[in-house]
Amino acid sequence: PTPIGNFGDISLRALDTLKKVDYIVCEDTRRTRKLLSHFNIIKPLITYEKFSEARKADHIIEIIKLGNTVALVSDAGMPGISDPGSILVSKARSIGVRVEALPGPSAFVTALAGSGYTGPFRFIEFFPRKKSYSMREIARMAVSTDTTVFYESPMRVVRTLKTIRDALGERDVCVAREITKIYEEYISGPLSEVILKLEETPLKGEITVIVKGGDKVEEIDDSFIINKATELLAKGFTKRDIIDILVREVGFPRSRIYDLLISVLVTDKGSG
531 PTPIGNFGDI
541 SLRALDTLKK
551 VDYIVCEDTR
561 RTRKLLSHFN
571 IIKPLITYEK
581 FSEARKADHI
591 IEIIKLGNTV
601 ALVSDAGMPG
611 ISDPGSILVS
621 KARSIGVRVE
631 ALPGPSAFVT
641 ALAGSGYTGP
651 FRFIEFFPRK
661 KSYSMREIAR
671 MAVSTDTTVF
681 YESPMRVVRT
691 LKTIRDALGE
701 RDVCVAREIT
711 KIYEEYISGP
721 LSEVILKLEE
731 TPLKGEITVI
741 VKGGDKVEEI
751 DDSFIINKAT
761 ELLAKGFTKR
771 DIIDILVREV
781 GFPRSRIYDL
791 LISVLVTDKG
801 SG
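In our numbering, the protein residues as written are 531 to 802.
It is possible that some hints are incorrect.
Stated by the list, open to error - The calculated lysine to aspartate or glutamate pairs, modelled on DMTMM-like cross-linking and capped at a C-alpha distance of 20 Å, are: (1) K769 to E779; (2) K734 to E655; (3) K661 to D774; (4) K573 to D605; (5) K692 to E761; (6) K573 to D558; (7) K550 to E667; (8) K692 to E655; (9) K573 to D552; (10) K580 to D546; (11) K734 to E761; (12) K573 to E592; (13) K711 to E779; (14) K564 to E579; (15) K661 to E761; (16) K692 to E714; (17) K692 to D702; (18) K621 to E667; (19) K586 to D546; (20) K595 to D605; (21) K549 to E630; (22) K769 to D789; (23) K549 to D605; (24) K727 to E715; (25) K734 to E708; (26) K580 to E682; (27) K734 to E723; (28) K765 to E736; (29) K692 to E667.
Calculated from the structure, these hints are not laboratory results.
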């Protein structure tokens, strides 16, 4: 892993590894050379970008088969976490290559720790731009007690938070920006308050959003499922999305969720 904004965050072990390997696989050679130059390290670089990940992985595996050692780095943070890396690691393991993952900087982990929100969480990488996918994620938030963590762009963060608030009502949220950099900042509170602050002073830089989970449910039974299904229907979620979300989050059989949802639809039709 490489620093996400402050070169001082790189570990001694990471530096030692970069000095010893034969090749360094990276996303952007310009950014990686800047890091290596700072620590007086000179190594041959191999470009490994998201759009060519699968093809390049085979090439790198051949280099490893020749007896070479390779270090994989991303532009910032942990490879394979919202960055290229997982395909290469999987291919390497499949042929018996020893893979070592070094601990180190990760923007979403750092932001989560700084938010003060404890307990189980879900990291969904970048918040979906397509409406159908984003509404599915929001539906999962509606029925889950887990905190949800994701990356978002400065241009879209207010709109995304408004969409979440309109669907879920008030939730505590923490918006972290420029983690480990000079202008690092955490803005937290109820969604409406945070939205107002961001509208008054728009953010710049890299942003991580942490949305606190819903209230803990003591017992999940048929009435809980019916109530949640009713809420999601009222908010415009499709029948398919409601079934998918409830099956995943609650763990009831799909057939049982379907039957309960149909009972809600029949009741609504009868009352209408």
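Structure-inconsistent hints, enumerated in ascending order
Hint check: 7, 10, 11, 13, 16, 18, 19, 20 and 28 fail, others pass.
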